[in-house]
Amino acid sequence: MREQDARERARNFEEVACGYGIEDALRESGRCLLCPDEPCIAGCPVGIDIPGFIQKIGEKNFRGAYDILTGTNLLPSICGRVCPQENQCEGVCTVGDTLEAVAIGRLERFVGDTAIQEGWINIPYIEPNRFRVGIVGSGPAGMACAADMAKAGCDVTVYEAFHQPGGVLRYGIPDFRLPNAVIDAEIDNLKKFGVKFECNTLVGRLFTIEQMIDEMGFHAIFVGVGAGYPTMLNIPGDSLNGVLSANELLTRCNLMRARDFPNFDTPLPIGKRVAVVGAGNTAMDAMRVSIRLGAEKVYCIYRRSRTEAPARAEEVHHAEQEGVEFHWLTNPVAVLGDDHGSVRGMRCVRMELGEPDDSGRRRPIPVAGSEFDFEADLIVYAIGTNANPIMGQTSKLKLNQWGYIHTDENLATSVAGVYAGGDIVTGAATVIEAMGAGRKAARSMKTYLGIRDSTLPYLGAEEDGAGTFFGIDTRERNFARVRVALT
Amino acid sequence: MNETAMSNFEIVAREDFSGVTYLLEVRHPLMAKAARPGQFVIVMLNEQGERIPLTIADFDRKRGTITLVIQAVGKTTKQMQQECQAGTSLYGMVGPMGIPSPLSHAKKVMCVGGGLGVAPIFPQARGFKEAGAYVIAVLGFRNKELVFWEDKFRACCDELILCTNDGSAGMKGMITDGIKVALAEHPDIQEVIAIGPPVMMKACADATRPYKIKTMVSVNPIMVDGTGMCGGCRIKVGDQVKFACVDGPDFDGHLVDFDDLMQRLQRFANEEKTAHERWSESCRMSGQAGPAVARGQ
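Residue numbers (the working numbering), protein chains in the order written: chain A, 22 to 508; chain B, 54 to 350.
Don't read these hints as lab results, they were simulated from the structure. Possibly wrong hints are sitting among the right ones.
[Claimed, not checked] A few chain B residues that face chain A, going by a derived Cβ cut-off under 10 angstroms, partial list only:
| id | residue |
| --- | --- |
| 1 | Ser60 |
| 2 | Met97 |
| 3 | Gln132 |
Yeah, the Cβ is synthetic: ideal placement off N, Cα and C, and Gly gets one too.
Using the sequences plus the hints, can you model the full thing?
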């Protein structure tokens with residue numbers, strides 16, 4: 022796929038990957054074998070009918086492809102850009118066994134972007150039911166849950182603490198990977214489904230989850246507040262001026278548009294020599310943002326080797342092309358300051374790989390006597406995050422020992438009617454996993470509320486357990502409509 | 054409940070205490086209902102604005118409003134001073150943030166407010182009084198012109214000691230002199246709450262340390278999100294690192310590293326200067342008080 026030239030794109034925040042045109046899409050979709058195994062569907066955390074939509078592209082029925090995509094995933098322009106497809110659908114693609122896998126992510130993005138351009142929206146008539154659903158957090162988990170509950174006829178309100186919705190999609194992922202315009206378009210689609218977004222609302226403090234159920238008339242709640250509390254290295258010099266978390270850098274730059282200071286009021290610390298500690302996707306974002314902000318040198322400091330780096334391969338590749346200097350097997354020891362309390366450099370030690378630890382990765386061990394200093398004026402920590410503490414502080418939700426919300430296999434929390442998913446349950450993960458969690462929680466919430474999908478035909482008497490009829494518990498009192506398939 | 058949508062952040066009242074200090078009363082019935090002493094909000098003036106933390110100085114559950122007292126020191130607070138009149142609106146205000154002040158069961162407390170710190174100490178003084186404590190308020194200002202809310206404190210506290218640096222009102226002295234007077238008269242003070250500029254809070258903590266009286270302070274670092282996800286507001290408390298927005302903003306004054314706080318407050322000094330110069334320039338060029346955009350008009 023066409024990409025902006027590395028030298029040129031390192032000066033701007035335009036998208037790096039330019040996206041497919043119609044011919045690219047037709048050519049690529051022709052590579053799909055429509056194989057009978059369909060491993061790609063199983064490889065997708067939300068189970069999109071991938072061969073289905075690719076076939077429609079091949080038939081030049083782009084609207085049809087969009088219909089199939091949105092049957093499972095309401096946010097194709099986002100997923101197509103940020104999913105780690107190489108570990109999911111593309112990683113198990115049959116074509117990928119011998120040749121390069123079909124570029125499923127790029128095809129998804131093509132369909133999503135075409136839909137935005139053409140203004141397509143799929144809103145069937147939805148019979149409203151009497152249920153009010155509250156979603157806490159407007160990130161990918163909350164958005165996915167909101168979409169499903171709205172499609173089921175519920176009255177959905179999404180609460181967001183920031184002044185703009187989108188969560189990590191907005192504040193965390195930079196414009197050159199996921200443009201804000203795309204996020205806005207997808208949110209507009211959700212609003213057309215009747216989803217309400219209330220920003221500037223800090224649930225837990227403005228009102229609690231318990232109040233939402235007891236006083237505000239919500240029947241079910243989904244909590245997707247994320248796990249953004251940044252981890253610091255806790256080495257000497259952590260609090261010098263010029264040391265910040267990747268979250269702070271990205272929030273200032275992406276959400277608060279600090280790169281346009283002083284036209285936008287939020288300032289951004291500008292470094293000429295920036296050292297980013299970490300090698301996950303967030304670290305890559307921080308490095309590539311620093312390059313675009315005019316840094317002369319950007320270093321990646323990571324204590325393990327390249328093969329263990331958690332970031333998407335494409336992001337590491339792009340960062341390398343844009344001029345980031347990678348220092349693998351290097352661990353920070355101290356941040357060095359000048360006389361004014363600002364950063365002037367960093368002291369590191371070289372590492373070598375020893376035996377594997379609990380995560381299965383080889384444990385890095387310092388090489389004695391290999392300490393060295395280098396000059397830097399901005400240090401960014403991108404070494405992981407922890408659970409956001411506000412839910413734990415303000416509700417009776419049971420937490421696990423690390424502070425994440427405890428859920429059962431249906432994503433139900435310890436409070437009846439309250440479900441949770443995404444990073445606040447699993448710890449920092451990906452956008453698509455959060456969306457998958459939002460959808461899974463929506464299924465559980467529908468069961469809890471007694472909402473049945475009346476478009477699915479009831480297929481088999483063999484599945485009935487004792488005391489059920491047409492799959493419904495005979496003790497249950499309802500007016501469920503059952504569609505029976507006659508064979 | 055909840056028949057109306059969220060607040061549109063309308064300012065219902067404006068008062069100027071001096072050429073530098075002003076008060077805004079903002080309508081937000083839900084927040085007025087939820088606000089507790091010690092909490093703060095994060096405010097944006099407009100879409101290009103920055104997010105700034107401001108302590109809630111008062112909340113009126115009947116009127117459905119919260120009150121902010123602001124000092125015009127930099128670009129944003131000076132622009133707000135110009136543009137925020139009754140009838141205009143803020144672009145965004147989120148809160149109440151922070152852990153509410155742990156109003157203990159102390160029977161006799163001293164509430165110390167320095168300069169602008171007088172505003173956020175008010176709900177704490179009132180809270181202790183309502184909980185049945187004997188409340189001594191010690192308020193410090195540079196001079197008589199800057200004094201505000203003296204009557205409010207007299208109405209809700211058992212004693213008030215007013216200090217001005219030049220002696221133009223109350224007793225002449227620094228805030229720490231006022232503290233010494235109070236401690237001399239009341240050796241049985243069990244807790245002290247001190248709010249003001251960091252250098253003042255540090256001096257208050259040092260003044261009470263020899264007496265071993267528990268002293269709570271409310272720190273005011275730079276913030277961005279205010280919800281615990283950026284770490285910009287991190288504070289050293291004893292040998293731990295805490296985030297003021299979700300672990301505070303109240304901490305034990307005898308453990309807070311004030312030097313670190315003051316140093317980190319300087320980290321955007323250059324950018325603040327640039328913004329301020331630009332703002333002053335645009336005011337001069339447009340003749341008078343800059344682009345006064347009243348929201349919603």
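Using 10 angstroms as the Cβ threshold, decide whether Gln132 of chain B counts as touching chain A. 9 angstroms, holds
- Close enough to count: is the Cβ of Ser60 of chain B nearer than 10 angstroms to one in chain A? 8 angstroms, holds
Worksheet item: Should the interface hint for Met97 of chain B be scored as holding, given a Cβ-Cβ cut-off of 10 angstroms against chain A?
Response: With Cβ-Cβ at 6 angstroms, under 10 angstroms, it holds.
Hint compliance for this structure: every hint is met.
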